[in-house]
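Number of protein chains: 2
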Amino acid sequence: MNEAVILLSGGMDSGVLLAWAGRRYERVHALTFDYGSRHGKREQEKARELANHYGAHLTEIGLSFFNGLFSSSLLTGGDEIPEGPYAQDNISSTVVPFRNGIMLSIAVGYAEDRGISTVLIASHGGDHPIYPDCRPGFTEAMSRAAQEGTFSRVNIQAPFASFDKKAIAGLGRELGLDFRMTYSCYKGGEIHCGRCATCLERKTALGYDQGLDPTEYEQ
Amino acid sequence: MNEAVILLSGGMDSGVLLAWAGRRYERVHALTFDYGSRHGKREQEKARELANHYGAHLTEIGLSFFNGLFSSSLLTGGDEIPEGPYAQDNISSTVVPFRNGIMLSIAVGYAEDRGISTVLIASHGGDHPIYPDCRPGFTEAMSRAAQEGTFSRVNIQAPFASFDKKAIAGLGRELGLDFRMTYSCYKGGEIHCGRCATCLERKTALGYDQGLDPTEYEQ
Numbered sequence: 001m002n003e004a005v006i007l008l009s010g011g012m013d014s015g016v017l018l019a020w021a022g023r024r025y026e027r028v029h030a031l032t033f034d035y036g037s038r039h040g041k042r043e044q045e046k047a048r049e050l051a052n053h054y055g056a057h058l059t060e061i062g063l064s065f066f067n068g069l070f071s072s073s074l075l076t077g078g079d080e081i082p083e084g085p086y087a088q089d090n091i092s093s094t095v096v097p098f099r100n101g102i103m104l105s106i107a108v109g110y111a112e113d114r115g116i117s118t119v120l121i122a123s124h125g126g127d128h129p130i131y132p133d134c135r136p137g138f139t140e141a142m143s144r145a146a147q148e149g150t151f152s153r154v155n156i157q158a159p160f161a162s163f164d165k166k167a168i169a170g171l172g173r174e175l176g177l178d179f180r181m182t183y184s185c186y187k188g189g190e191i192h193c194g195r196c197a198t199c200l201e202r203k204t205a206l207g208y209d210q211g212l213d214p215t216e217y218e219q
Numbered sequence: 001m002n003e004a005v006i007l008l009s010g011g012m013d014s015g016v017l018l019a020w021a022g023r024r025y026e027r028v029h030a031l032t033f034d035y036g037s038r039h040g041k042r043e044q045e046k047a048r049e050l051a052n053h054y055g056a057h058l059t060e061i062g063l064s065f066f067n068g069l070f071s072s073s074l075l076t077g078g079d080e081i082p083e084g085p086y087a088q089d090n091i092s093s094t095v096v097p098f099r100n101g102i103m104l105s106i107a108v109g110y111a112e113d114r115g116i117s118t119v120l121i122a123s124h125g126g127d128h129p130i131y132p133d134c135r136p137g138f139t140e141a142m143s144r145a146a147q148e149g150t151f152s153r154v155n156i157q158a159p160f161a162s163f164d165k166k167a168i169a170g171l172g173r174e175l176g177l178d179f180r181m182t183y184s185c186y187k188g189g190e191i192h193c194g195r196c197a198t199c200l201e202r203k204t205a206l207g208y209d210q211g212l213d214p215t216e217y218e219q
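In order, the protein sequences belong to chains A and B.
For the first sequence, position 117 matches number 117 in our numbering, and the numbering has no gaps at all.
For the second sequence, position 42 matches number 42 in our numbering, and the numbering has no gaps at all.
I should point out that these hints are in silico values taken from the structure, not numbers from a laboratory.
Computed from a predicted structure; not experimentally measured.
Glycine included, each C-beta is placed from N, C-alpha and C at the ideal position.
Check before you lean on any hint, since a few could be wrong.
Sample of chain A residues facing chain B (criterion: CB under 8 Å; computed from the structure) [what the hints assert, rightly or not]:
#1 Asp113
#2 Arg144
#3 Gly149
#4 Phe163
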C-alpha cells in the first residue's frame with residue numbers, strides 16, 4: 001500500500017499538506033506533537049478535525065520534556081509572545097531549538113517501525129530566513145540521515161519547499177480545504193488574535209484585505 | 001568555555017566517552033534518556049553514578065511515548081529478549097527504530113539552546129552491521145543536518161567510530177574508568193545476566209576469559 005507519514009501541526013501549511021497527501025497516498029499517518037506550546041491545545045483540536053475530515057490515522061505524541069529543556073517564548077514557560085510582523089530581532093525568541101529535527105526523527109522512527117518509506121513536512125520558502133530547521137538544506141540533510149539510519153531507507157520530502165505561503169494558500173483553495181479547520185495564532189486563544197506575526201502572515205497569505213480569508217480574528 | 005553535550009546511556013561505551021570527554025572539555029553536559037527500555041532503570045542509575053564521578057551536568061529526559069509508538073523487544077511492552085550472541089536474525093527485534101536519530105536531535109536542540117557547538121555519541125565499529133543508526137554514514141549525515149538546522153551550527157562527533165568494543169575497553173582502562181560504574185545487560189536485572197548478546201559482547205571486550213573483567217555476572 002502507498003503510505004506516507006506527515007507532520008500535522010494543525011496550522012494552515014500542514015493542513016494543505018494533508019489535503020495534498022490525501023490525493024496521492026492510499027493511507028496517510030498523521031503525527032501531531034504536544035510540546036507544551038501556548039497554541040498547542042488549539043492546534044491539536046484542529047489536527048484532530050483535519051485528520052478526521054481527511055481520513056488520516058492520527059497519533060498524538062506528548063513531548064513534555066520540551067518545557068524543562070528549552071527556553072522559547074513559544075513554550076508556556078517562556079517569555080511573552082512578541083507582536084508585529086516577523087523579523088529576526090523579535091521572532092527569534094519563538095524558536096524552539098531544532099524542533100523540526102526532533103519531530104522528523106520521531107516520524108522517521110514511526111515510519112521505519114511500520115515499513116513506510118516517506119515522511120512529509122510542510123516546510124516552505126517563507127519560513128527559511130528565520131528558522132534554520134525549515135530551510136531546504138536542512139530537510140535534505142535530514143532526509144539523508146533518515147535514509148542512512150533506517151533499514152527501509154526512509155526519506156523526508158518537503159513538497160512545498162519552493163512555495164511561499166500565498167502559493168500554499170492557493171493550493172489549499174484548489175484542493176477545497178476549509179481554512180477554518182486550521183489554526184495559526186501563536187497566542188493560543190479561542191480565536192486568532194490577528195496581531196502576532198503568524199496571524200499577520202496568515203492574513204496576507206489568505207488574502208484578508210481582499211476579503212478572501214474565512215478566519216475569524218479578534219482584531 | 002569549551003563545552004560539549006554527550007549522550008550517556010550508562011553503558012560501557014558512553015561511560016568511556018564521558019571519561020574521554022572529561023579530559024577534553026571544561027564542562028560536559030550529559031543527557032540520559034528513559035525510553036521505557038527493560039534495562040533503562042539500571043542504566044540510569046549508572047548514568048547518575050558516572051556523571052557524578054566525572055563532574056558532568058546530567059539531565060534525565062523521559063521519552064514515555066516510545067512504548068506506545070514502537071514495537072521492539074528492548075521496550076518493556078515488547079517480546080522477550082533473545083539470548084546468545086548478536087546476529088541479524090535474533091537481535092534485530094531489539095532495534096528501537098531511529099533511536100539515535102531521536103536522541104541526537106534532542107541533544108542538538110539542547111546544545112543550540114545553550115550555544116554549545118558539539119554533541120558527542122559513542123557509536124563504534126562493532127555496532128554498525130546491526131543498527132543502521134549507529135553507522136558512520138548516519139552520524140555524518142545527522143551532523144550535517146544539525147549544522148544546517150541550527151543557528152550555532154551544532155556538529156555531531158563520534159570519536160569511537162573507527163574503534164571496536166575492545167579498543168573502547170582498552171581506552172577506558174587507560175583513562176582509569178571503573179567499568180563497574182557501567183551497565184550493559186539488555187535484561188535489566190540487578191546484576192548482568194551474562195548470557196544476552198550485550199553481556200557476551202561486554203565479556204569479550206573486557207577480557208572476561210582472561211580474568212580482566214570486573215563485572216559481576218549471574219552466569
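Hints, verified against the model:
At about 5 Å, the closest approach between the beta carbon of Asp113(A) and any beta carbon in chain B falls short of 8 Å, and the interface hint on this residue holds. The criterion of a C-beta within 8 Å of any C-beta in chain B is met by Arg144(A), whose closest approach is roughly 4 Å, and the hint holds. The interface hint given for Gly149(A) holds, since its Cβ lies 4 Å from the closest Cβ of chain B, which is under the 8 Å cut-off. For Phe163(A), the suggested interface contact is broken, since its CB lies about 20 Å from the closest CB of chain B, more than 8 Å.
Hint 4 from the list above is the single one not met by this structure.
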